[in-house]
Every structure is written in structure tokens, then in C-alpha cells.
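Participant: Chains as they are written, first to last, in numbering that gives the first Met the number 0: chain C, 0 to 262; chain Z, 0 to 254.
These aren't lab readings, by the way, just hints derived from the structure by calculation.
Nothing here was measured: the structure is a model prediction, and the numbers come from that model.
The beta-carbon is built from N, C-alpha and C at its ideal position, and this holds for glycine as well.
Don't take every hint at face value.
Residues on chain C that point at chain Z, a partial pick, calculated with CB under 7 Å [to be verified]:
#: 1; residue: Pro76
#: 2; residue: Phe81
#: 3; residue: Leu196
Pulled from the structure, derived: some chain Z residues nowhere near chain C, Cβ distances all over 10 Å [stated by the list, open to error]:
#: 4; residue: Leu155
#: 5; residue: Ser161
#: 6; residue: Gln215
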Amino acid sequence: MAIGISVDHLTHAFAHNGAALRVLDDVSLTVTPGEMVCLLGPSGCGKSTLLNVIGGLLKADSGEVRIGDAAVRGVMPQRVGFVFQENALFPWSTVWENLIVGLEFQGVPPAERAARAARALEAVGMSDFAKFYPDQLSGGMKQRIGLARALALQTEVLLMDEPFAALDEQTRMILGEDLSVLLSETGKTIVMVTHSLSEAVFLSDRIFVMTARPGRIKAIVEVKREHPRRPDFMTSTQFNDVRGELYTLLHDEMRAAAAIAPA
Amino acid sequence: MTAQPLVRDSRSRAIQIAFFAAVLAAWYAVTAAHRISPLFLPGPVQVAQQIGRIAHAPTLALDIAYTMGTFAIAYTIAVLGGLAAGYIVSTRRFLTRVYEPLLASLYAIPIVVFFPTFILFFGTGPNSKIALGALYAFFPIALNTIAGFTQVDSRLVAAARSMGANDALLLRRVLIPAAFPIVATGMRIAFIACFASILAGEMIASDHGLGHQIAQAGQMMEIAKMFGYVTLVVLAAFAFNFGVSALEARRRPTA
């Protein structure tokens with residue numbers, strides 16, 4: 000059921016104040032079917048760009064991405080679901096309508112939409128909020144709905160772009176725990192962008208550490224721990240060791256990123 | 000949802016009603032004290048009597064039909080033209096860059112100065128007022144349509160695309176609802192501009208309509224009758240505004 004992802008020699012540059020700003024520099028990686036990986040790197044290292052290229056929202060200057068056996072040429076709504084940073088819900092629609100319209104976009108027959116939306120809402124524990132509008136929900140609740148909207152699409156691959164970035168520490172811990180349980184049940188192949196070390200360690204099978212811009216894969220760190228992961232994992236020596244390793248890898252890159260931040 | 004907003008609503012409504020009551024009382028007070036000549040400003044009682052007389056006049060229905068018919072045609076032309084032009088200009092960045100400033104500068108022209116030209120071309124009948132009213136209403140609708148469609152949050156568009164939305168679904172489910180509040184504001188501004196310019200056109204040159212009656216009563220120094228017609232126009236504007244607000248309240252505001 001699950002499918003893998005392969006990224007081959009991706010290079011990409013953006014136009015910035017008339018000059019070409021190189022964001023991705025010969026990035027290659029593979030994600031095995033059913034694996035959960037994080038892209039971790041300093042701000043502006045191109046990790047979101049990489050995610051958008053993998054998902055077909057953006058075309059890289061050169062290189063290739065394959066999802067399963069298919070080369071990515073554009074969005075693949077049947078195979079790849081996105082969870083964006085906050086505010087990607089339609090504010091004029093209720094929670095329920097947000098889920099239904101996603102299924103309509105994907106081309107799901109009307110008769111099947113309600114059941115799938117209801118199941119996805121239940122999975123994220125938000126069934127009671129179907130009639131609410133996004134601006135009546137907290138940031139954490141909105142992200143649960145964003146996740147439900149992607150789950151309802153029943154794609155084999157899930158791409159998450161800093162889904163917890165705007166949340167406070169405690170909310171993201173709870174969401175992280177729930178996500179670990181939920182995603183280990185679905186067996187999806189997941190790529191998540193984050194700049195939180197703890198989040199990366201807690202959720203990932205492997206972590207791709209990126210350099211400061213132009214982004215390259217600097218190191219791959221493995222987290223050997225069964226899913227779903229429990230809160231006690233966070234206080235374990237293993238957690239702290241991996242987190243320390245990531246910190247050392249990232250520290251110089253964060254310094255470098257701060258020095259080259261565009262005006 | 001709770002009782003709280005209802006209480007707040009009734010309190011603000013009470014203040015609004017008190018405002019109009021105060022205006023009416025002040026009007027009554029200055030006229031009853033004969034501080035102002037009734038030739039210039041008749042009292043509310045006289046005006047009310049005149050409204051009763053106007054209501055029985057056979058011309059009232061004709062005048063209302065004339066003004067409202069002219070308005071309906073002018074506004075419909077402006078809505079169709081403004082929405083179409085605005086949407087087309089919003090679809091390409093190049094078109095927006097060229098035409099948005101152009102439309103904005105044309106909007107700054109006091110179009111009423113061309114009214115004598117419209118009379119020459121279209122006569123003193125409804126057509127010259129339709130031209131005036133439609134032009135006044137066209138620009139705010141076109142400009143707000145451009146603003147509405149070009150300011151759609153790109154993240155929402157990306158989200159819709161990632162879920163497989165084609166162009167038609169993107170327009171119907173994302174672009175139109177996202178642009179709607181700004182477009183609706185333009186249509187509301189246009190409504191007021193259209194109504195006002197048609198009445199002004201009728202006051203300048205016409206043989207029928209509420210504007211014509213106001214101007215004629217004024218010229219004949221029948222000031223109470225003039226204010227009678229003015230009151231009818233004001234009430235019509237309030238009724239419209241009330242209707243639009245009720246419609247907007249049915250759609251949930253996006254905070």
C-alpha cells in the first residue's frame with residue numbers, strides 16, 4: 000500500500016532582487032515506503048522549497064522526484080496529501096465544509112464524501128467541531144482540522160510543512176503525541192519539514208539535516224524507536240543523545256544562515 | 000449564539016433609533032420656534048401632510064417606477080460590466096499593472112461634468128441618466144473586483160491545487176468566496192453612487208422621476224412638497240441599506 004519517494008539531484012534557485020538565489024544544491028534522498036522522515040534545517044535553507052518540489056507545487060530547475068513509480072510533473076492529489084502551516088483552511092467554510100470541499104477537489108463521488116469526512120474528523124478527535132468556523136478554533140485545533148482534511152483524501156504520501164510552527168510548546172507536544180499514534184496506524188509515507196529538534200526526534204524514523212542556503216543534505220540521523228512513541232520517550236537518554244547530535248550538526252548551519260539572511 | 004450579543008444588539012439598536020428621534024425632535028424644535036422661515040425649512044408635521052398628499056397624487060407611482068427603472072437598468076449594466084472587466088483584469092498580472100491604475104484615474108474624474116454631453120447624445124429621457132449612473136457605478140465595482148481577486152491568499156490557492164482543484168472548482172470554491180467581501184463592498188458603494196447620480200441627473204434635466212419632482216417643487220418654492228419627496232428618497236435609501244445589511248448578516252462574517 001505505502002509507496003516510497005526518491006529525490007535525485009534537485010537544484011533550484013529563486014529570483015531575489017534581480018539576482019538568482021540558489022536554495023537547493025544537488026539534493027538527493029530516498030524515503031522508504033511507510034517511513035516518517037523530517038527535513039530539519041535553519042531558516043531559509045530550502046526545506047519548504049524541497050517539500051513543495053516533492054509535492055509538485057513547484058518545479059525545480061533541474062533534477063527529478065519520483066513518488067512510487069511515477070515521476071512528479073505537478074500535483075498528484077490521488078497520491079500526495081499536504082498539511083500546510085496554519086491558515087490554509089478556507090475561512091468562509093465550516094470545518095465540515097472544509098473537509099467536504101477537499102474531497103470534491105480530489106474527485107471523490109458525492110455519496111462517499113460525508114463518511115470519509117466524518118471518519119477523518121473522528122481520527123483527529125474533532126467530531127464535535129464540524130459546524131465551527133476556523134476562526135472560532137485555537138491554533139492547535141486548526142492544525143488538527145488541516146490534518147483531518149489531508150487524511151480524508153486517503154493518500155499514500157503525506158507532506159507536512161511545519162504544521163506546528165505557529166503553536167505554543169505544550170500544544171505542539173500534545174499534537175505530536177497524537178500524531179505519532181495516528182500516523183503509525185495509517186502506515187503512510189510521511190515527509191515533514193520542521194525547525195524543532197525535539198519534534199524531529201520524537202516523530203521521525205530518520206532526520207535529514209540540511210545545510211544553510213543553498214540547502215544540501217548534511218547528515219542523516221536515524222531514530223531507532225518503535226511507533227507509536229509515548230511521552231516517556233522524550234525523557235529517555237536515547238532522545239537526549241539524538242537531540243544533542245542534531246544540535247551539534249545544526250549549530251554551525253544556524254550561525255551561517257543568520258549571516259546570509261537576505262534583506 | 001449566547002444571549003450576550005443579542006443584548007448588545009438591542010442596545011446599539013436603541014441608540015440608533017434615539018439618534019433619528021433626536022434629529023426629528025431638533026427639526027421640530029427649530030421650526031416650531033419659528034427660528035427658521037417655513038419657506039426655507041418647513042416643520043416635520045407640514046412635510047408629513049405633504050407626503051400624504053403626494054401619496055394620493057397619480058404621478059407618484061409613475062415617478063417611482065421611472066426613477067427605479069432607470070436605476071435598475073443602470074446598476075445592472077454597471078454590475079455586469081464591472082464584474083466582467085474587473086475579473087478579466089485580475090487574471091493576468093500584466094493586465095492588472097496596466098489597467099488598475101488606469102481605471103483608478105478615470106474613477107477620479109467627476110463624471111457629472113459630461114452629463115450635458117450625455118443629454119446631447121441620449122436626450123433628456125432615461126438614457127442620459129442610465130449612462131451617468133452606470134458610469135458612476137462601474138468604476139467602484141471594477142476596482143473592487145480587481146482588488147478582491149488579486150488579494151486572494153496564495154496559500155489557499157496552493158492548498159486547493161494540491162487537493163486536485165481544477166480551474167472551474169478553484170474559481171467557484173476558492174477565488175469567488177475569497178473575493179466576495181471586497182467585491183460586495185464595491186457593489187454597495189456603486190449602488191449609492193448610481194442612485195445619487197441618477198437623482199442628480201433627473202434634477203438637472205428630466206420630465207419625470209423623483210429627482211425631477213424635487214427640483215420642480217424647489218423651483219416653485221413648494222418647499223414642504225420638496226421635503227416630502229426628499230423624505231421618500233431617504234426612506235428608500237434606508238430600506239435598501241437595511242435589506243443589504245440583513246443579507247450580509249445571513250452570510251457569516253469572516254473575522
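Participant: Have a go at the Phe81(C) hint: is there a Cβ in chain Z nearer than 7 Å to its own Cβ?
Facilitator: Hint holds; Phe81(C) Cβ to chain Z Cβ min 4 Å, cut 7 Å.
Participant: Take a quick look at Leu155(Z) and tell me if its Cβ sits farther than 10 Å from every Cβ on chain C, holds or violated.
Facilitator: violated (6 Å)
Participant: Under the criterion of a CB-CB separation shorter than 7 Å, is Leu196(C) in contact with chain Z as hinted?
Facilitator: violated (26 Å)
Participant: Measuring Cβ to Cβ, find out whether Gln215(Z) lies farther than 10 Å from everything in chain C.
Facilitator: holds (48 Å)
Participant: Given Pro76(C) as an interface hint, is the shortest Cβ-Cβ distance to chain Z below 7 Å?
Facilitator: holds (3 Å)
Participant: Does Ser161(Z) clear chain C by more than 10 Å, comparing its Cβ with all Cβ atoms of that chain?
Facilitator: Non-interface label on Ser161(Z) violated, nearest chain C Cβ at 4 Å vs cutoff 10 Å.
Hints 3, 4 and 5, counting from the list given before, are not met by this structure.
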